[in-house]
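Colleague: Chain by chain, the residues:
Protein chains: 2
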Amino acid sequence: MKSAPEHLHARLHSLIGQSVATIDTPALVVDLDAMERNLQKMADYAKAHGVKLRPHAKMHKSAALSLRQMQAGAVGMCVQKTSEAEALAAAGVHNLYISNEVIAPPKLQRVAALARNLQARGGRLAIAVDSLLGIEHLAQAMDSGANLIDVFVELDVGQKRCGVAEPADVLPLAQAIASHPSLRLAGLQAYNGRAQHLRTVAERRAALDEVIARVQEARRIVEAAGLSLPLVTGAGSGTFGLEASSGVFGELQAGSYLFMDADYARNEADPAQPAFEHALFVKSQVMSVSPGHVVVDAGHKSHAIESGLPRVHGEALEATGCSDEHTTLRATSSAPLPTLGATLWLIPGHCDPTVNLHDWIVGVRGGLQAGSVTELIRVDARGCLD
Amino acid sequence: MKSAPEHLHARLHSLIGQSVATIDTPALVVDLDAMERNLQKMADYAKAHGVKLRPHAKMHKSAALSLRQMQAGAVGMCVQKTSEAEALAAAGVHNLYISNEVIAPPKLQRVAALARNLQARGGRLAIAVDSLLGIEHLAQAMDSGANLIDVFVELDVGQKRCGVAEPADVLPLAQAIASHPSLRLAGLQAYNGRAQHLRTVAERRAALDEVIARVQEARRIVEAAGLSLPLVTGAGSGTFGLEASSGVFGELQAGSYLFMDADYARNEADPAQPAFEHALFVKSQVMSVSPGHVVVDAGHKSHAIESGLPRVHGEALEATGCSDEHTTLRATSSAPLPTLGATLWLIPGHCDPTVNLHDWIVGVRGGLQAGSVTELIRVDARGCLD
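So the protein lines, in turn, are chains A and B.
The numbers in our numbering rise by one with no breaks, and the one at position 178 of the first sequence is 163.
The numbers in our numbering rise by one with no breaks, and the one at position 240 of the second sequence is 225.
So that you can see chain A by itself, here it is in the shape it has in the complex (with noise of 0.2 Å):
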């Protein structure tokens, strides 16, 4: 008996070669032209600003869109969780970094065994840590391996989320790193994830200056220690240029310029960096249709709304209330409303929840009217939780 995703992807695969029209609703869609201009944008801005460019996969969860990033010049790319890093891994991606801590032994285990894989493939594997308890879990599922994962130690650089709370506390987890043989200290992990969404250009760069002068001062004390931290990654798609710029970051973990959410399109422009285009769309249906609005049959399980709700490409439409299976719609024009069965194209509020609500994402070519259908994506990593 096939599983629903299995009859999803007969679906699906059936459209490749067919107009957008075929395309039944709800459908997670990616205007690979667009895609591919972002790619591409975020590539060369990188490499003109000398700094890596690691993107993070937690936003497609798609091993080749990865692929893709990385044969455009990424050095790897960064994930959350251990299964992602391993279902990435399982798809062909060799260097990875989990920018985040794992506590618990029995997933440590499998960290040590995904690193002892990708070492063995000529690949890499990096983990971020913020405890004295994090290292020696970490250092005793690596057992007696030499040199075999890169770990970064993490600082709160304003996000009040993980890492060490003050730049003096990356010392001592430093040295415990260096301590072990196993474990390379490879650096500082930085992310002020609030930052990105700062609405103006003042703000963001107000909460940079703080995230620049908290990595200089953990580097300083732990230089001065007689310890270095090589690299220090961080960065996001709402603030990029300010880390590259600023002359202590060597990596950039953006990952929401591939795609780009309605929530990232609220921020003020900053003209030191690159804009980006929306690529990524729920195709939809007016499903219903009653005096002074309409519903369309996408809601909340189609695409997330925890940053916002969607806004409607292309339509003097906004969306004023989104259940599970349905987004209502209000005309914000005298313009009159769509009629039923009329398909509206909805930009995510956030993309990285929404593609994880997805199996595949459907890949167009030619614009979302008269463009066709040329690809599937798997998003490898859909689910992805532990």
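Mixed in with the good hints, there may be bad ones.
The list treats identical chains as one, so a pair stands whether inside a single copy or across any two.
As the list claims (entries may be wrong) - Using 20 Å as the maximum straight-line C-alpha spacing, the simulated EDC-like pairs for lysine to aspartate or glutamate come out as follows: (1) Lys92 x Glu121; (2) Lys145 x Glu303; (3) Lys32 x Glu21; (4) Lys145 x Asp309; (5) Lys32 x Asp135; (6) Lys92 x Asp9; (7) Lys145 x Glu202.
Hints in this document: simulated from the structure, not taken from any laboratory.
Fit chain B to the known structure of chain A by using the hints.
Modeller: Using the frame of chain A, we list chain B on its own:
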């Protein structure tokens, strides 16, 4: 090569018979003892009040749980999507109501195939409509089949989403359904999702007064024209006691009662309804400790937050923020924060979209502390959007 869900299944399957402590995090866990008490309480309630129970399977998306609910007396299951109906039918659920509109002719071809398939197995398919065009498309898809599908006219009863706007609008749709031999006019769909989450009993009663008045008016108009609406179906876990005692509703669609979530727990309890226990949890682990807060390894890719942040079961902690893979918690008392590696059980803000993030639910008996894993429940219709 095994897919990521297959690897996860292997990891989870090895836990059967083991203690709850062995479940790695994050994981979606159901307390089967509590769930079964909820299940029986609702079955008893519907029986005692002489109303049919057709629980909404969009909540758990599981055929196994559907069949347990039906074994306890439920007449069938509701779903919202064609692919959900297909997934549950393939796994043995043969009485299904798509309580939602379907407009696209290719999807209605699937609806027709499913209706024939279920009829051949002694089951039945039903669907909702709110437009003449929808009825025409449905009838075309059903082709020459006689009495092939039950059709409910949806009336908006205060949710301002789908459904015809006014009670008088029901009549022309009822007449159109009655004119097609393949369609059986089954009754009225009257569901007010907003009413479920009004916080006070008084507000919910006022909302239901409006619902009931509109249903009565629609029924009067249709009956005056010589047709009948045999069954009125609706209600959710927040108000079902009001529908059950209304004298007009014949069927309850409540779903969340089986698991309960943090959002429903914020409702003032209605003494006219049985109270349900929290049975669904995300097991999580403290992965980072900072002065004043801790971070667990389960974010909104593990538990949906669109209806509010999760609660922490049995701990004086509150969630203050949530990102893709992290939830930040602070103390609500002077008790010390949990230590690195501690297990915390999150009660999700909203069951339905939370379950949809997972491929399996880990079933435990004997409680969250001393219990053990007894089964895995497959989320058969996970990701079924179209």
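Colleague: Can you list which hints this structure breaks, lowest number first?
Modeller: 5
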